[in-house]
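Enquirer: Each chain, written out:
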Amino acid sequence: METAATVGGPARMPEAGEVELLRRCQEGDAEAFRDLVERYQRRTYWIAFHMLGDYETAREVSQEAFIRVFRNVARFDIRKNFYTWLYQIVVNLSIDRMRKMSHARAVSVEGLGGLADPRPAPSESGEKADLRRRVHGVLQRLPPKYKAVLTLRDIQGFSCQEIAEIVGCTNATVRWRLHRARKIFRALWEEPRPESPDGGGEAFAS
Amino acid sequence: MDCEEIREFLPLFAGGELGEGERVAVEAHLGFCAGCARELDRYRQARALLADLREGEPPPGTWKALWRGLEEGLSLGVPAGLRSRPSGAYRLAAALLVGLAVGLAAHAARREAAGPASLPAATVPALQAAVRGTVPTAAAADSPAALRPEAFTLRVRGGAVPVSPVPPKDRFHLPLVEAFPPPDEREF
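If you read the sequences in order, they're chains A and B.
The first sequence lines up with residues 1002 to 1207 when you count with my numbering.
The second sequence lines up with residues 108 to 295 when you count with my numbering.
Read the hints as simulated data drawn from the structure, not as lab findings.
Note that beta-carbon positions come from the ideal geometry of N, C-alpha and C, so glycine has one too.
It is possible that some hints are incorrect.
[Said to hold, decoys possible] Covered by chain A, per the in silico footprint, the following chain B stretches (three or more residues, Cβ under 8 Å):
| no. | region |
| --- | --- |
| 1 | 121-130 |
| 2 | 157-169 |
| 3 | 206-212 |
[As the list claims (entries may be wrong)] Which residues of chain A face chain B? A few of them, derived with a C-beta cut under 7 Å, are:
| no. | residue |
| --- | --- |
| 4 | Arg1044 |
| 5 | Tyr1056 |
| 6 | Arg1060 |
| 7 | Gln1064 |
| 8 | Phe1067 |
| 9 | Arg1134 |
| 10 | Val1136 |
| 11 | Asp1155 |
| 12 | Ile1156 |
| 13 | Cys1161 |
| 14 | His1180 |
| 15 | Ile1185 |
| 16 | Phe1186 |
| 17 | Arg1187 |
[Stated by the list, open to error] Below, in silico cross-link-like pairs of lysine to any residue (SDA-like), each with a Cα-Cα straight-line distance of 20 Å or less:
| no. | chain 1 | residue 1 | chain 2 | residue 2 |
| --- | --- | --- | --- | --- |
| 18 | B | Lys171 | A | Pro1144 |
| 19 | A | Lys1184 | B | Gly142 |
| 20 | A | Lys1101 | A | Pro1144 |
| 21 | B | Lys171 | B | Ser182 |
| 22 | A | Lys1129 | B | Glu112 |
| 23 | A | Lys1184 | A | Asn1172 |
| 24 | A | Lys1184 | B | Lys171 |
| 25 | A | Lys1184 | B | Glu112 |
| 26 | B | Lys171 | A | Lys1101 |
| 27 | A | Lys1146 | A | Thr1171 |
| 28 | B | Lys171 | A | Gln1042 |
| 29 | A | Lys1184 | A | Gly1138 |
| 30 | B | Lys171 | A | Thr1058 |
| 31 | A | Lys1184 | B | Asp159 |
| 32 | A | Lys1129 | B | Asp109 |
| 33 | B | Lys171 | A | Glu1065 |
| 34 | A | Lys1081 | A | Gln1027 |
| 35 | A | Lys1184 | B | Arg151 |
| 36 | B | Lys171 | A | Arg1044 |
| 37 | B | Lys171 | A | Glu1039 |
| 38 | A | Lys1184 | A | Lys1129 |
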């Protein structure tokens, strides 16, 4: 019987190839480290981007995360999942960066911080890009802990157990945060937009 | 359960995170309640909007800049003398430290001429040593080479490698990974 504790599947076990790669990194093999970065750079970057809402800051945080991995990989227990460790570093660095940014920016209604400039990528254009930009803009208005679980679950597709490991809390806390995060996201998405011709919020098809 | 109670389950039902008992109860209710079914659709559509953000293309040059940043960031962790060429950021930091040292020395000279010295005599050598990447001790003053880190060999299999690792013996002196939170909940 499936229980709430196992919903979304357990964290995957490290692959044999990855264990070998990590072992080589621990021995100081720089080529192995390069392979490791290449393997994880895209997902690392997009997690940071969805947390921070800014391309340049996401690149800086990704870079910082890999530097920390490199400097501490010798102490990493290779029987554990490397990706949960890496993404934990990314999420925590992103939250630290958000805190610094929040000092300089206004806080919107009900303590929901509007921290980011959801610019589209230069290659994006048109209606779909506009929609993505607005969705991303709403995501950025969520408090960091809710933004983290939505990014990891609804965007990146991690299981609740994986998210619990990444965020450093219990499975029950992850589910509680997801519950709150989805309610807040939906409320913000349906909030009236000033630029909307009829003053209405975003409408979901019904 | 009434609609109000069922709707509290919908955010997690939409993502498939409910346990079996809760899921069965919600499904039974949705079978006859069109209002709650519409609510569920809105959560599902919100999830679909977020899922659509997953794939994208970063601005051109992002990966190149990331690798350049890694090269510069990691080369800072290598002891002086083992670096092939200091990065621009390192050269700037070194220049600033030298400038600071000179300024402090001039300040100390002025204070000494005016009255009792307030700047420790070791300050300038310490700053200069920091620029050189050595530890300012009495031994360093007598024999700088004595403090040079032991040479280490980086095993690289082919190709240019954009990183310069910290020697293994220094790894154990690095700070613990700050990113590891305690096992209990970390409040952001």
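Enquirer: Next, verify each hint and record whether it holds.
Expert: Evaluated hints:
no.: 1; hint: 121-130; verdict: holds (count 8)
no.: 2; hint: 157-169; verdict: holds (count 11)
no.: 3; hint: 206-212; verdict: violated (count 0)
no.: 4; hint: Arg1044; verdict: 9 Å, violated
no.: 5; hint: Tyr1056; verdict: 5 Å, holds
no.: 6; hint: Arg1060; verdict: 5 Å, holds
no.: 7; hint: Gln1064; verdict: 4 Å, holds
no.: 8; hint: Phe1067; verdict: 6 Å, holds
no.: 9; hint: Arg1134; verdict: 10 Å, violated
no.: 10; hint: Val1136; verdict: 5 Å, holds
no.: 11; hint: Asp1155; verdict: 4 Å, holds
no.: 12; hint: Ile1156; verdict: 5 Å, holds
no.: 13; hint: Cys1161; verdict: 6 Å, holds
no.: 14; hint: His1180; verdict: 5 Å, holds
no.: 15; hint: Ile1185; verdict: 10 Å, violated
no.: 16; hint: Phe1186; verdict: 6 Å, holds
no.: 17; hint: Arg1187; verdict: 5 Å, holds
no.: 18; hint: Lys171(B) to Pro1144(A); verdict: 31 Å, violated
no.: 19; hint: Lys1184(A) to Gly142(B); verdict: 17 Å, holds
no.: 20; hint: Lys1101(A) to Pro1144(A); verdict: 14 Å, holds
no.: 21; hint: Lys171(B) to Ser182(B); verdict: 17 Å, holds
no.: 22; hint: Lys1129(A) to Glu112(B); verdict: 35 Å, violated
no.: 23; hint: Lys1184(A) to Asn1172(A); verdict: 19 Å, holds
no.: 24; hint: Lys1184(A) to Lys171(B); verdict: 39 Å, violated
no.: 25; hint: Lys1184(A) to Glu112(B); verdict: 14 Å, holds
no.: 26; hint: Lys171(B) to Lys1101(A); verdict: 26 Å, violated
no.: 27; hint: Lys1146(A) to Thr1171(A); verdict: 13 Å, holds
no.: 28; hint: Lys171(B) to Gln1042(A); verdict: 12 Å, holds
no.: 29; hint: Lys1184(A) to Gly1138(A); verdict: 16 Å, holds
no.: 30; hint: Lys171(B) to Thr1058(A); verdict: 15 Å, holds
no.: 31; hint: Lys1184(A) to Asp159(B); verdict: 19 Å, holds
no.: 32; hint: Lys1129(A) to Asp109(B); verdict: 38 Å, violated
no.: 33; hint: Lys171(B) to Glu1065(A); verdict: 15 Å, holds
no.: 34; hint: Lys1081(A) to Gln1027(A); verdict: 14 Å, holds
no.: 35; hint: Lys1184(A) to Arg151(B); verdict: 12 Å, holds
no.: 36; hint: Lys171(B) to Arg1044(A); verdict: 16 Å, holds
no.: 37; hint: Lys171(B) to Glu1039(A); verdict: 12 Å, holds
no.: 38; hint: Lys1184(A) to Lys1129(A); verdict: 24 Å, violated
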